[in-house]
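> Residue 234 in UniProt numbering sits at position 234 of the sequence shown, and the numbers go up by one each step.
Note that these hints are calculated values from the structure, not bench results. Yeah, the Cβ is synthetic: ideal placement off N, Cα and C, and Gly gets one too. Keep in mind that a hint or two might mislead.
Only pairs whose alpha carbons sit at most 27 Å apart, straight line, appear in this in silico DSS-like list of lysine-lysine [said to hold, decoys possible]: (1) Lys196 / Lys208; (2) Lys108 / Lys136; (3) Lys82 / Lys12; (4) Lys301 / Lys241; (5) Lys241 / Lys285; (6) Lys373 / Lys202; (7) Lys409 / Lys194; (8) Lys285 / Lys253; (9) Lys194 / Lys395; (10) Lys31 / Lys163; (11) Lys138 / Lys279; (12) Lys194 / Lys208; (13) Lys91 / Lys52; (14) Lys367 / Lys194; (15) Lys91 / Lys10; (16) Lys245 / Lys301; (17) Lys367 / Lys208; (18) Lys288 / Lys386; (19) Lys205 / Lys194; (20) Lys163 / Lys202; (21) Lys98 / Lys138.
Quick list of the computed label-pair ranges, beta carbon to beta carbon [said to hold, decoys possible]: (22) Gly332 / Asn62: 49 to 59 Å; (23) Gln35 / Thr107: 15 to 25 Å; (24) Gly332 / Glu90: 36 to 46 Å; (25) Glu171 / Asn303: 42 to 52 Å; (26) Ile92 / Asn187: 28 to 38 Å; (27) Ser331 / Glu368: 23 to 33 Å; (28) Lys79 / Ser331: 45 to 55 Å; (29) Lys91 / Ser127: 36 to 46 Å; (30) Ser127 / Asn184: 13 to 23 Å; (31) Asp101 / Asn303: 43 to 53 Å; (32) Asn350 / Ala77: 31 to 41 Å; (33) Glu33 / Leu70: 33 to 43 Å; (34) Asn184 / Asn62: 33 to 43 Å; (35) Gln35 / Lys163: 15 to 25 Å.
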Amino acid sequence: MNDVYTIVQKGKELGYSIEVFMAELRAVQIKRERQYQNMNILDRGYGIRIIKDGKLGFAYGNRLDNLLDLALDSLHASKEDKFNVLPSPEKISKLNLKMFDIVNAQTKINDYLAFGDEIREYVNVVSEYYEVMNLKVKIVSSEGIDVEEERSLSSISLSFNIKNDIEISPEIYEYATSRSLNINIDNLKGNILKMKEIFKKKRVKLEKPMSEGIFTPKALSELFSPLFSHAISLENYYRGKSPLKEGEIINEKLEISDNPLIPEAPYSRSFDAEGLPSKINYLIKDGKITQFLSNTYWSLKANRENTHSAARNYSVLPYISPTILDINVKSGSDNEGIFIGQVQGVHTSNFDTGEFSVVIPIAWNEKEGTAYKELTLSGNLKDFIKGIEGSVGEKTIYGNLSTSALRVKNVTIV
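Can you build the whole structure from these sequences, using the hints too?
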């Protein structure tokens with residue numbers, strides 16, 4: 001039976017540059033909706049990249065057998081591109097990202113389920129999802145890259161609504177993750193009880209359009225994160241599909257970096273999907289757009305620094321993606337005004353121009369304790385970034401963001 005090193009050696013002997021990417025996922029997933037599902041998952045897969053004379057071949061599957069032959073077949077059908085190159089190795093400083101072994105996690109899963117039972121006493125739970133996982137990633141190439149890392153993650157997500165004597169709230173979603181098994185359940189419960197308190201009364205209409213709001217980390221992850229991730233990609237910038245311009249002063253209060261080295265963050269990693277060392281990349285610094293994220297191919301094509309921002313699973317070729325967008329604002333702000341808790345419909349936005357028009361199902365006024373009926377939000381990414389005025393509350397990690405709530409002007413809320 002073939003192993004990773006045997007395949008790489010075969011490719012070298014045939015005169016090809018070759019890379020094998022392996023990912024092995026072990027997970028326990030529990031879903032409780034109308035039915036109860038308890039799944040033990042083992043998924044192992046391989047992606048093979050081969051290159052010769054600028055031509056690229058790729059194949060993937062759950063077994064290594066015949067993958068090299070399939071990659072060779074696809075290479076013969078490809079076009080020559082001088083920027084198809086496998087990277088050379090660089091020194092990696094390993095993070096400690098495996099904080100538990102999944103075989104020891106069952107007791108904690110039972111604690112998560114008990115938490116879900118408790119929450120049902122306060123709100124109407126629509127669905128629950130609990131997961132613990134171990135992920136092993138290994139990359140070996142003919143150029144000398146040979147890296148491996150194990151990562152652990154646990155997560156809880158719940159969707160629920162709140163009934164009062166008059167109406168039922170829109171569905172509210174809460175989510176928490178941890179590299180360890182120690183998810184902050186008290187904080188999650190606090191967020192849910194806060195929503196219960198706010199939405200226990202009838203929602204009201206917004207009296208007049210507003211030009212600013214306070215966006216929670218959850219709302220930022222749903223709106224800002226996908227739009228900014230598209231705009232800050234070197235590929236999209238090179239193709240003219242980003243509203244951002246290098247060197248532009250956009251907001252002197254703002255600093256945004258892509259930081260894959262935050263150990264507790266769910267997308268932290270010691271190396272990227274091409275086996276190159278992770279590093280902090282400053283995207284907006286001193287208010288100026290300083291850098292766009294790249295992988296090996298696009299750094300060569302655009303003649304820019306490789307930011308080691310390749311991402312992938314075994315079934316696709318490396319693409320560009322941020323890990324953890326770390327947002328810092330120089331000034332703070334009070335909590336007066338409308339809090340935007342969730343948005344829907346960002347997929348309808350024009351990602352190339354940054355223009356968006358989305359629904360706000362969850363919004364409230366913190367000081368008045370008032371929840372609002374469904375609102376709409378419109379604007380564009382560049383004005384949104386320019387309009388970030390200050391941070392509200394403490395920073396937290398939510399999805400691929402490390403941020404506090406942000407007060408933002410230059411938007412339209414109706």
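> Hint by hint, say whether it matches the structure.
Outcome of the hint check:
The hinted pair formed by Lys196 and Lys208 meets the criterion: a straight-line CA distance of about 25 Å does not exceed 27 Å. Taken as a hint, the Lys108 and Lys136 pair is honoured in the structure, with Cα atoms around 21 Å apart against an allowance of 27 Å. Using a Cα cut-off of 27 Å, the hinted pair Lys82 and Lys12 holds, with the two alpha carbons roughly 19 Å apart. Taking the CA atoms of Lys301 and Lys241, the gap is near 16 Å; set against the 27 Å cutoff, the hint holds.
Restraint check: the Cα-Cα separation between Lys241 and Lys285 comes to about 22 Å, which is no more than 27 Å; the hinted pair holds. Under the criterion of a C-alpha separation no larger than 27 Å, the hint pairing Lys373 with Lys202 is consistent with the structure, at around 9 Å. Taking the CA atoms of Lys409 and Lys194, the gap is about 25 Å. The hint holds against a cut of 27 Å. This hinted pair checks out: Lys285 and Lys253 have alpha carbons roughly 9 Å apart, not beyond 27 Å.
With a C-alpha separation of about 18 Å, the suggested pair Lys194 and Lys395 falls inside the 27 Å cut-off, and the hint holds. The suggested pairing of Lys31 with Lys163 holds, with an alpha-carbon distance near 23 Å, which does not exceed 27 Å. With a C-alpha separation of about 19 Å, the suggested pair Lys138 and Lys279 falls inside the 27 Å cut-off, and the hint holds. With a C-alpha separation of about 25 Å, the suggested pairing of Lys194 with Lys208 holds against the 27 Å cut-off.
Proximity of Lys91 to Lys52 is assessed by CA-CA distance (about 26 Å); at most 27 Å being required, the pair is judged to hold. Pair hint Lys367 plus Lys194 holds up; C-alpha atoms about 12 Å apart against a cutoff of 27 Å. At most 27 Å may separate the alpha-carbon atoms for a hinted pair to count; Lys91 and Lys10 meet this at roughly 26 Å. The suggested pairing of Lys245 with Lys301 holds, with an alpha-carbon distance near 18 Å, which does not exceed 27 Å.
Distance hint between Lys367 and Lys208 is fulfilled; the C-alpha atoms sit about 18 Å from each other, no more than 27 Å. The suggested pairing of Lys288 with Lys386 holds, with an alpha-carbon distance near 11 Å, which does not exceed 27 Å. A distance of roughly 20 Å separates the Cα atoms of Lys205 and Lys194; the hinted pair therefore holds under the 27 Å criterion. A hinted pair counts as satisfied when its Cα atoms are at most 27 Å apart, and Lys163 with Lys202 qualifies at roughly 10 Å.
With a C-alpha separation of about 14 Å, the suggested pair Lys98 and Lys138 falls inside the 27 Å cut-off, and the hint holds. The given range of 49 to 59 Å is respected by Gly332 and Asn62, whose C-beta atoms sit roughly 51 Å from each other. Taking 15 to 25 Å as the suggested C-beta distance range, the pair Gln35 and Thr107 conforms, at roughly 24 Å. For the hinted restraint 36 to 46 Å between Gly332 and Glu90, the CB-CB distance of approximately 39 Å keeps it satisfied.
In this structure, Glu171 and Asn303 meet the distance hint of 42 to 52 Å, their C-beta atoms being roughly 47 Å apart. Separation of Ile92 from Asn187 is about 33 Å and conforms to the stated range, judged on CB atoms against 28 to 38 Å. Remark: the range hint 23 to 33 Å for Ser331 to Glu368 is upheld by a beta-carbon distance near 24 Å. Checked against the hint of 45 to 55 Å, the C-beta distance between Lys79 and Ser331 comes to roughly 51 Å, which is consistent with it.
A beta carbon spacing of about 45 Å between Lys91 and Ser127 agrees with the range 36 to 46 Å that was offered as a hint. A beta carbon spacing of about 21 Å between Ser127 and Asn184 agrees with the range 13 to 23 Å that was offered as a hint. At roughly 45 Å, the beta-carbon separation of Asp101 and Asn303 lies within the given 43 to 53 Å, and the hint holds. Checked against the hint of 31 to 41 Å, the pair Asn350 and Ala77 passes, with Cβ atoms roughly 34 Å apart.
Restraint check, Glu33 to Leu70: a C-beta distance of roughly 39 Å satisfies the suggested window 33 to 43 Å. Separated by about 36 Å at the C-beta atoms, Asn184 and Asn62 satisfy the suggested range of 33 to 43 Å. Remark: the range hint 15 to 25 Å for Gln35 to Lys163 is upheld by a beta-carbon distance near 23 Å.
Consistency with the previously given hints is maintained throughout, with no hint failing.
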